[in-house]
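Number of protein chains: 4
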Amino acid sequence: MPLTPEQQAEIENQRSTTRETLRAVSEGMERHLYTAIPVLDHGFVRVIDYMGDDAAICQAARVSYGKGTKSVSNDEGLIRYLMRHWHSTPFEMCEIKLHVKLPVFVARQWIRHRTANVNEYSARYSILDREFYIPERDALAAQSRTNNQGRGAALEGEEADRVLRILRDDAMRCYDHYEEMIGEDGQQGLARELARMNLPANIYTQWYWKVDLHNLLHFLRLRADAHAQYEIRVYADAICDVVADWVPFAFRAFEDYRMGGATLSATALDCLRRMLKGEAVTQETSGMSKGEWREFEGILNGPAQPGS
Amino acid sequence: MPLTPEQQAEIENQRSTTRETLRAVSEGMERHLYTAIPVLDHGFVRVIDYMGDDAAICQAARVSYGKGTKSVSNDEGLIRYLMRHWHSTPFEMCEIKLHVKLPVFVARQWIRHRTANVNEYSARYSILDREFYIPERDALAAQSRTNNQGRGAALEGEEADRVLRILRDDAMRCYDHYEEMIGEDGQQGLARELARMNLPANIYTQWYWKVDLHNLLHFLRLRADAHAQYEIRVYADAICDVVADWVPFAFRAFEDYRMGGATLSATALDCLRRMLKGEAVTQETSGMSKGEWREFEGILNGPAQPGS
Amino acid sequence: MPLTPEQQAEIENQRSTTRETLRAVSEGMERHLYTAIPVLDHGFVRVIDYMGDDAAICQAARVSYGKGTKSVSNDEGLIRYLMRHWHSTPFEMCEIKLHVKLPVFVARQWIRHRTANVNEYSARYSILDREFYIPERDALAAQSRTNNQGRGAALEGEEADRVLRILRDDAMRCYDHYEEMIGEDGQQGLARELARMNLPANIYTQWYWKVDLHNLLHFLRLRADAHAQYEIRVYADAICDVVADWVPFAFRAFEDYRMGGATLSATALDCLRRMLKGEAVTQETSGMSKGEWREFEGILNGPAQPGS
Amino acid sequence: MPLTPEQQAEIENQRSTTRETLRAVSEGMERHLYTAIPVLDHGFVRVIDYMGDDAAICQAARVSYGKGTKSVSNDEGLIRYLMRHWHSTPFEMCEIKLHVKLPVFVARQWIRHRTANVNEYSARYSILDREFYIPERDALAAQSRTNNQGRGAALEGEEADRVLRILRDDAMRCYDHYEEMIGEDGQQGLARELARMNLPANIYTQWYWKVDLHNLLHFLRLRADAHAQYEIRVYADAICDVVADWVPFAFRAFEDYRMGGATLSATALDCLRRMLKGEAVTQETSGMSKGEWREFEGILNGPAQPGS
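Residue numbers (the working numbering), protein chains in the order written: chain B, 1 to 308; chain F, 309 to 616; chain S, 617 to 924; chain V, 925 to 1232.
Treat each hint with caution, since some may be false.
[Said to hold, decoys possible] Straight-line Cα separation of at most 25 Å, DSS-like style, residue types lysine-lysine; simulated pairs:
1) B:Lys277 - B:Lys290
2) V:Lys1214 - V:Lys1201
3) B:Lys277 - S:Lys906
4) F:Lys585 - V:Lys1214
5) F:Lys598 - F:Lys585
6) B:Lys277 - S:Lys893
7) V:Lys1201 - F:Lys598
8) V:Lys1214 - F:Lys598
9) S:Lys893 - S:Lys906
10) B:Lys290 - S:Lys893
Calculated from the structure, these hints are not laboratory results.
Based on the sequences and whatever the hints tell you, model everything.
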């Protein structure tokens, strides 16, 4: 349970005060505001603020494309058109601000997405809490033998026990030493900005993260993907649920064109045309490498199962 | 008068519907929403949406700096501290979306500020209106003789008449030919994306422009400055009035530290120390070039008068 | 012929001095350095500088992915893998700096690509030359009747004559008035920053444009596309030729996966699977709108012909 | 000693091959190419590539500002002018690519500078080396009592011993367990992407970091500052030495206007004017808070001593 009683009280307080506004309001998003969605063992995602809705995307597109956009029958059709033709700027007109609590090694992946605004809790100035990510047993994946980027089956039995014991013991010991080095109140101790170097990467940090919808969808496409590391994917999945309620038309278009879609190369399209004419194309006759052919077959055989 | 009856009706409609929200609300900004602030002869600035307020800046800073920020007595003090020490990320946590109508040559300056989201009216797809910026007589500045970047005194009498006649006549003739080349409805004519090349740079365009507060203040520092071209400065001035109502603490800090402040070089600081000790420093003994010394004297003599 | 004798002499001078360097050198690119590639009637593209080559992309990828990248047999295979899986950061490790001379209405499209560095000739400080883009007769496209974004067939005969006469006459007259308003040397005239507003959008400007390879390829995908406006496409085509000589592996991968490839939606992939099993899918049974279905058929029928 | 024999051999190999180029060459930079500058106990900074030199800054400025820039007598004068008046785009026309080895907690500060290209060694795919930052005794700063952001005097004697012992022991134990969890070759073990979470923040990582000169100078202003954390400041200092050799005019202007300069608020400038007229201004009569007044006095009393 990731929320302290104080945090729960803060959320209830924030949710108890409604105010009047002339701005665009997304009812689906209002329900999410401030509420913490639990992720992993101590993490969460909270919506702090948002700007715009599906209509705001269309409004911006209509400024740009003028009469052309009026021939599209309705907002959902227009949003699908924009997504299909890679018109990114109308989606940039919506913005979201999240409060996220997450392990440091997840934060390090996340921050590579540079087109966003971030305010992270500073371990230079403040003391980190004793909270570490310890995986569930079924998330204790073994290194894949066939694929050096992914995970194989979960560890089991004593091996799993041993790993969990190591992670817990090292985290606790490192944190004990962190506290010890910092020293008690009133006593001089090692500077916080130095002591933090003893803390392992499964310690939790938190930040405010603000991003426009276009860049958020790009983030989600990469991080809610089956090939993303499980520990960041669960955050992306939680945010997907939020976005689906915030801008339902945009999210459905995103699912169809991005998450469920695939990009085929000129070579692959050529093979496809030959196959549709009845030719039995094989890897050897495809012009693709073995790796490409395997991926191409994967696309033709159906969507990748999440987690597979 | 920049607004058509349709636009006025749209604004009144948008302002007549208030809705409930749990988000942060800036009362000062709600008064501006949708209302068009006239700028130049046909231009305007309209606030379409905003995110955050002064409190949101502090909230983000407190996530980052933790207990350190609590020692600052209040929100205004904290905001001043952040501005003084160039902490930019908390200001990035506020966002504004504007609808701006502006001459193309102003738009070309404006767009150089790259950290913003833009949806511009497309002259590829749509037909531009017959609206051109024609300066007021007292804005018809002569080229400065001493300063190749600025303006001298205004042209007068017949010379001013002649310039205004040229600008008006060429604009009208070019627009007549634009319409003629495009052809009438139902008749085939030159593609719009080509015909637009005949239109001069004082024609009006419009766009949605969305930017975070940090980057907006950077824009305002450069464009509300006395050295900015008058035609973009009036837009910056109009936006300054909006920001002052939106985030009054941040705007006051911005006025003190940025707009009214000055950056002194190491050489200039050294001169200053000598002067405070009673030494009579001259350009020759200052270590500065003539240009630098003139600027240094300007700072010591007091704020530049806008428009001077 | 876009180059003045002075520019030609400058290029010859720059090309006559070779120096020694320890940096990565792309032989293909050295041949392009400084040479102006003519585009349109007065425009050009010149390579001013570059950083990196195909090997630099691999070098950066190997820092990131370590041993994983060694299993890929060679540099071209690795580059294809990176492109196929949307690994953008290794491509960001190459950089190019171009000097481009282009009509203002093309510059306005180009500048929407924000992730680049730009230094444009300033009409605030300097006087623009009397050079305007006047299309070739076969580029005088009519507005398409079926597609409000594109061009139809070229205008012909008297209609073409009339359009060309308008474009030439208005350009010359506006430029005459520009010169007249500015005044002669020694005489006070209208400030340059104001006088420029009388110049139509087919006047030429120029800039230095610096961009990394990832963002350049994104630009090329959109602007070398058959749907891009002809006047920007010819610049993109010229740059494609340069990139093909600079980073030949990366460019071939780009052609296969991006320029010649296509993204299919989940719905389209589902149709494809049904078709490969022998089902006769129609628009009515596809789950796609008419517009989507038309585009889907276009992909299955083969690559779009440039200019069609 | 941060370099392995393999790395040393690689550097020697890279430095032994000179090639011819037509590009701008900075002799000062050629001497740095590939050579590793040691930083901290195992870290380094290596120049991998660069684009441009002082002349390239002026060349880009002259495209923009045309004749205006010719009135400035020489390149150094022009560069000083550009720096003084915050013209950032000409500095963006130079680019540098560095290979940096640095502790993770330093990397986490560094990455907040978002306008750069990064390829980091991936602990998802590869195994991290057993290398940890262990501070020198005189860098073992105590937490400052008066300033919650900085460091006080160094710990001494047994307290220092104890801290060093903790840092070393925890690093070694965590790394032993990391190896143990990963398992030996041929044996299935925990996925690398999970095992890395056990590693503390003083472990070394490495990346390629590419940035333009304008953004690099902004980074250096913040990170070579006396208030920056010592462990990132030593990297910034090493890079300052490189930049001084690469673009000596730009670096000297940077030292004068940025590193050694100071920004004064409108209120501070007003006080200064009163003081220069002979008034004895005190904090009480200054209109500044106590904190601001203290900083103002610091500026008037002379440059902050690094490390103070």
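Verification of the supplied hints:
1. For a cut-off of 25 Å, the pair hint linking Lys277 of chain B to Lys290 of chain B stands: about 23 Å separates their Cα positions.
2. At most 25 Å may separate the alpha-carbon atoms for a hinted pair to count; Lys1214 of chain V and Lys1201 of chain V meet this at roughly 23 Å.
3. A C-alpha spacing of about 23 Å is found between Lys277 of chain B and Lys906 of chain S, which places the hinted pair at or below 25 Å, so the restraint holds.
4. For the hint pairing Lys585 of chain F with Lys1214 of chain V, the CA-to-CA distance comes to about 23 Å; that is within 25 Å, so the pair holds.
5. Under the criterion of a C-alpha separation no larger than 25 Å, the hint pairing Lys598 of chain F with Lys585 of chain F is consistent with the structure, at around 23 Å.
6. Distance hint between Lys277 of chain B and Lys893 of chain S is fulfilled; the C-alpha atoms sit about 12 Å from each other, no more than 25 Å.
7. Between Lys1201 of chain V and Lys598 of chain F the CA atoms are separated by roughly 23 Å; this keeps the pair inside 25 Å, and the hint holds.
8. About 36 Å separates the Cα atoms of Lys1214 of chain V and Lys598 of chain F, which puts this hinted pair outside 25 Å; it is violated.
9. Of the pairs offered as hints, the one joining Lys893 of chain S and Lys906 of chain S holds, with about 23 Å between alpha carbons and a cut-off of 25 Å not exceeded.
10. In summary, the hint linking Lys290 of chain B to Lys893 of chain S is supported, as the alpha carbons are separated by about 23 Å, within the 25 Å threshold.
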